[in-house]
Amino acid sequence: GHHNTFFVARIPVPFLVGDLWVGSYTAPQGVTDINLSVRTVQGHDVTALFAFKHKAVAASFLVKGIFDHNNRQISLHPMAWVEPPKTDGWQMVGLTGVVAQDNSMYSGQLFIS
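Per this note's numbering: the sequence shown = residues 1 to 113.
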């Protein structure tokens with residue numbers, strides 16, 4: 001009989017639950033330390049906790065996005081404060097960028113929703 005052949009490849013999503021991505025961004029107020037803690041991964045849907053610290057101000061909020069494995073891009077959109085900042089003048093931001101081929105780095109731009 002005729003056999004239909006097939007092949008499948010695993011499409012890796014570079015975010016795993018529990019991962020911690022650590023870095024910073026530079027803005028008018030100076031360098032702000034940030035980290036992304038991955039909360040859930042369902043297919044290509046990712047949610048994470050975005051935490052930032054600048055001098056005495058520390059805060060965190062949830063972000064959510066969809067990883068596109070074709071161009072390795074993900075935009076993480078702000079959802080809700082988890083730990084709001086204690087001082088005025090801070091707002092939630094989104095991140096849009098590219099994950100490096102070796103999954104070691106996610107870099108790009110911040111955006112205001």
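Honestly, I wouldn't trust all of these hints.
[Stated by the list, open to error] Simulated restraints, written as ranges between beta carbons of each label pair:
(1) VAL17 with TRP81: 28 to 38 Å
(2) PRO12 with PRO84: 27 to 37 Å
(3) PRO84 with ILE11: 30 to 40 Å
[Stated by the list, open to error] Think about it this way: if two alpha-carbon atoms lie no more than 16 Å apart in a straight line, the pair counts; the simulated EDC-like pairs of lysine to aspartate or glutamate are:
(4) LYS64 with ASP88
(5) LYS55 with ASP33
(6) LYS53 with GLU83
(7) LYS53 with ASP102
(8) LYS55 with ASP88
(9) LYS64 with ASP19
(10) LYS53 with ASP68
For the record, the hints were derived by calculation from the structure and aren't laboratory data. Using N, Cα and C, we set each Cβ at its ideal position, and we do this for glycine too.
Quiz item: Quick one: are VAL17 and TRP81 within 28 to 38 Å, going by C-beta?
Solution: About 21 Å separates the Cβ atoms of VAL17 and TRP81, which means 28 to 38 Å is violated.
Practice problem: Please work out if LYS55 and ASP88 have their alpha carbons no farther apart than 16 Å. | Solution: Measuring from Cα to Cα gives roughly 14 Å; hence the hint holds.
Quiz item: CA of LYS53 to CA of ASP102, is that 16 Å or under?
Solution: Violated - the C-alpha atoms of ASP102 and LYS53 are around 27 Å apart, more than 16 Å.
Quiz item: Does ASP33 lie within 16 Å of LYS55 when you go C-alpha to C-alpha?
Solution: holds, 9 Å
Quiz prompt | Distance restraint between LYS53 and GLU83, which requires alpha-carbon spacing of 16 Å or less | solution = holds, 12 Å
Quiz item: Given the proposed pairing of LYS53 with ASP68, does the C-alpha separation stay at or below 16 Å?
Solution: It is violated: about 29 Å lies between the C-alpha atoms, which goes past 16 Å.
Quiz prompt | Pair hint outcome, LYS64 versus ASP19 [Cα-Cα no greater than 16 Å] | solution = Roughly 15 Å between the alpha carbons, so the hint for LYS64 and ASP19 holds.
Quiz item: Does the hinted range 27 to 37 Å hold for PRO12 and PRO84 at CB?
Solution: Holds - the Cβ-Cβ distance for PRO12 and PRO84, about 34 Å, lies within 27 to 37 Å.
Exercise. Below or equal to 16 Å on CA atoms is what counts here, so check LYS64 against ASP88.
Key: The hint is violated at about 24 Å.
Self-check item: Satisfaction of the hinted span 30 to 40 Å by the C-beta atoms belonging to PRO84 and ILE11
Solution: Holds: the Cβ-Cβ distance is about 36 Å, inside 30 to 40 Å.
When each numbered hint is compared with the structure, violations occur for hints 1, 4, 7 and 10.
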